[in-house]
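Residue numbers (the working numbering), protein chains in the order written: chain F, 37 to 149; chain G, 40 to 156.
Incorrect hints may have been included.
Okay, the calculated beta carbon distance ranges per label pair [said to hold, decoys possible]: (1) G:K59 to F:R77: 19 to 27 Å; (2) G:V93 to F:G65: 19 to 27 Å; (3) F:G94 to G:G53: 44 to 52 Å.
Where chain G lies over chain F, by a calculated footprint (3+ residues, C-beta under 8 Å) [as the list claims (entries may be wrong)]: (4) 45-59; (5) 137-143.
It should be emphasised that the hints constitute simulated quantities derived from the structure, not laboratory data.
Computed from a predicted structure; not experimentally measured.
All residues carry an ideal CB built from backbone N, CA and C; glycine is no exception.
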Amino acid sequence: AQRVTQPEKLLSVFKGAPVELKCNYSYSGSPELFWYVQYSRQRLQLLLRHISRESIKGFTADLNKGETSFHLKKPFAQEEDSAMYYCALRANAGGTSYGKLTFGQGTILTVHP
Amino acid sequence: GEEVAQTPKHLVRGEGQKAKLYCAPIKGHSYVFWYQQVLKNEFKFLISFQNENVFDETGMPKERFSAKCLPNSPCSLEIQATKLEDSAVYFCASSQSFGSRGGTEAFFGQGTRLTVV
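So that you can see chain F by itself, here it is in the shape it has in the complex (with noise of 0.2 Å):
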């Protein structure tokens, strides 16, 4: 079975200040990794996916199979990223599991000014 674990439910910090949001994930086959994003008041949105290794809005995950991570990172955070942040993992793997996504419990990210 698929597991996807945020330690930390709430997490704050200053603007300008770097920010790591942990995750950790179990899975016996070859995963997905993603992170998801809700804004206040706004859907959930795609954020970063660990196959397009691409950086948005300051953001970047690496994906550590060593240590079954995807920690999010910023080296300065700014306001407009408080938001919701949600790691999910899909499995990559064919057979009924494929396709649906497993979520961590989220961290509320607080960026004060």
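With chain F's structure known, arrange chain G on it following the hints.
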């Protein structure tokens, strides 16, 4: 449409009443997913469809919950005889397809907040 549309936004039902939620996926998307989020906690997967066929229903409660995706109609999630514990936000998502490397992004609707009183 360009966004996943869920209706209604809010739904209040008395215990024992039926609740029906709707989801219009993005045009051209073959896969539809339903998730349940209780008290802003984890998203719990319920069911997925590939076009009008059930793809994965491992998360669906055996009783009282049913779902459909019929051609030329919004998908629906129906709860018969609602219980207090069914109070949650129900999210629908759609995606285009899956490729050999996992497929494309899932786009989410705004959710339907169901309150059972």
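Against the structure, the hints:
The supplied range of 19 to 27 Å is met by K59 of chain G and R77 of chain F, whose beta-carbon atoms lie about 25 Å from each other. Roughly 23 Å separates the CB atoms of V93 of chain G and G65 of chain F, a value that falls within the hinted 19 to 27 Å. Take G94 of chain F and G53 of chain G: their Cβ atoms lie about 48 Å apart, and the range 44 to 52 Å holds. Counting residues of the stretch 45-59 of chain F whose beta carbon lies closer than 8 Å to any beta carbon of chain G gives 0, which falls below the threshold of three, so the coverage claim is violated.
Beta-carbon proximity to chain G at under 8 Å applies to 6 residues in the stretch 137-143 of chain F; the threshold of 3 is reached and the given coverage holds.
In summary, the structure is inconsistent with hint 4 from the numbered list given earlier, while agreeing with all the others.
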